[in-house]
Structure formats: structure tokens, C-alpha cells
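Chemist: One-letter residues, chain by chain:
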Amino acid sequence: MCMPHDDPDHPHSLLPPDPALRIKALETILTRKGLIDPAALDEIIDTYENKIGPRNGAHVVARAWLDPAFKARLLEDATALVSELGYYGRQGEHMVAVENTDDIHNMVVCTLCSCYPWPLLGIPPGWYKSDAYRARTVREPRAVLADFGVTLPERTAVRVWDSTAEIRYLVIPKRPVGTEGMDEAGLMALVTRDSMIGTGLALDPQASEAKA
Amino acid sequence: MTSAPEPKFSEPWHAQVFALTVVLNEAGHFDWPDWATRFGATLKRHGLDKELDGGDDYFIAWLETLEHYLASMGMAETQDVLTAKAAWEAAYLTTPHGVPVQLAD
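Just so you know, the protein sequences line up as chains A and B, in that order.
Residue 117 in numbering that gives the first Met the number 0 sits at position 118 of the first sequence; the count goes up by one each step and never skips.
Residue 89 in numbering that gives the first Met the number 0 sits at position 90 of the second sequence; the count goes up by one each step and never skips.
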């Protein structure tokens, strides 16, 4: 296979896409003015690529399942509690935890843009940022849930939380049956990213074991 | 979770524009709520003609918001950005493949 940059008629470096060049231009100008440190950019990318992800949120959820006092504090003041665990917001936002029960299923959206609890879940998936999800979740949450393969009992109401730059939400999914006696690490493996956005449920321990 | 992790950013420039914005915010050049309001307005405007899928189109809107914001604050004027972009483009086109690309000056 001959990649464009291997073409002997074009022996120069592969030209990055237009947006990448526009970003390099901004970086050059801001660096020359001393407004940014290029090393800080690499550090941010490394943090969000490698260090922050849904395991942070799963840790919080598993703790909440195991420890009623922890859960009570989480529901009362999630910002303080997750900060103590090192999962604090870099944008100064408040964290709110909402608990799924037999009566209420919580879902999170951001109709404005894509506000999301980065310290707990990392970078949002593409669908969270799509117009389809952002518009439809408020209008027809049950239809959106069905697209994700989630069907709730009739008696369970769906509550949609619209994130803002100031407030980000974490859903505490229902603890699956058959998880009595499981430890924190075992429980964490059942807590998916989607279950903490409200577009999924925590995994069934037997099903997840069979899969593994 | 047994499946392979999804890439956090599907393109390197998505990560770069994200990081640039976060660094500027953390350095105190703007508040995040102010950023979110501007970004939300761009997404809304772009979403009038077509449905945005949350991929490239999302980060294109992000970049456009950042460019306008930095220009409005006098931190990166539009003409300077175009000049720097042209310089990078020239550098890529004149640097032999395999050699790190750098600006001439």
C-alpha cells in the first residue's frame, strides 16, 4: 500500500487536516505571547487519555453500594466527598449524585453543549455530544433508553437531569441482585460508564462473569 | 468491563483543542460557564442546517468558538492566526518526511 507521504513525487511530511493546522497556529501565537506552556497541553492530554475515566466513577458507586454512610454523604454533598477521593472538577463545577431506585430512573444530558462529570467519567462518548441524544433525551427519554437496550418497568419514572457548566451529575445505578458479599473491586467491574449516565444499568454479575 | 477501551479522542486534534481550552481556562483567561455558553451557541447555530453527530463536527464547533473567543479578547487576532497557519502549512510541505516539522523562525 502506498500512503500519500510515501509517494516519491511528494517526499514532504504529511499535511495535517485543516483544523489541526488552525490549532497549531493558536498554540504558536499563545506560546510566543507566554500565555500557555506547551508542556501543560501535553499534561492535560495525558491526564484525560490515560488517567481519568469511568473507573473513578465506578469506585464512587461501589463505595456507595457498600457503605450507607458514604452514600448518604454522597447524596448530600457529592462535590466535597469526591474531592476527598481526588476526583475534583478542574472547572470548579459542583457534582450532584442522583440515585436510581425502583421508582426513579435518572438520566443525564447536556442540552447546551456537553457538560459532563470529567473527573468521574473522563471524556464523554460521541453519542453524548450528538444532537440526537441531546435533543431526544429530554423529549422522549424512554425511547432513547430503548435504543440503548434498556426497558424499565411501567412503575419506574424517568427523571432527566440537564447538566450545566456549573452542575454535573453522576447517576448511582441500582445495585444488581446477587451481589451480596462482593467486594469493592468486584462491584466496580459491574459499574459501566453508561450506567452512570443513566443510559444503561449496572451489569448482572452472572452475565458479566460468563462474558469474562 | 471486558471490552477494549474506546479511544478517548478519535483524532489527535480533538485532544489538542480540548487541552488548549482547558489550559487557558485553568490559567484564568476565561470562566468555564462563559465558555460553555459561547460553545453552546455555536453548536446551536451549526445544528440548524444539519444534525451534528458529536464527532468531527462537534470539535469543529469547539475550535470555531475558541478562535472567536481568543480574537475577541485580543489574545490571538484572526490575521495572526491565518499567518501562523500558513507558516505551519509551508513548514509541512517543505520538511522532508521523517524530520520533525518546525516553523522557520
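No lab work stands behind these hints: they were computed from the structure.
A few of these clues could be false.
Only some residues are given here: those of chain B computed to face chain A with a beta carbon under 8 Å [said to hold, decoys possible]:
#: 1; residue: Phe8
#: 2; residue: Glu66
#: 3; residue: Tyr68
#: 4; residue: Ala70
#: 5; residue: Met72
#: 6; residue: Gly73
#: 7; residue: Ala75
#: 8; residue: Thr94
We treat Cβ as the ideally placed atom computed from N, Cα and C, and that holds for glycine.
Chemist: For every hint, state whether the structure bears it out.
Modeler: Now for the hints, and whether the structure bears them out:
1. Phe8: Interface hint status for Phe8/B: holds (7 Å vs cutoff 8 Å).
2. Glu66: Status holds, d = 7 Å.
3. Tyr68: violated (11 Å)
4. Ala70: violated (10 Å)
5. Met72: violated (10 Å)
6. Gly73: At about 10 Å, which exceeds the 8 Å cut-off, the nearest Cβ of chain A leaves the hint on Gly73/B violated.
7. Ala75: holds (5 Å)
8. Thr94: Holds: closest Cβ of chain A sits about 5 Å from Thr94/B, inside 8 Å.
Figure legend: structure checked against the earlier numbered hints; hints not met, in rising order: 3, 4, 5, 6.
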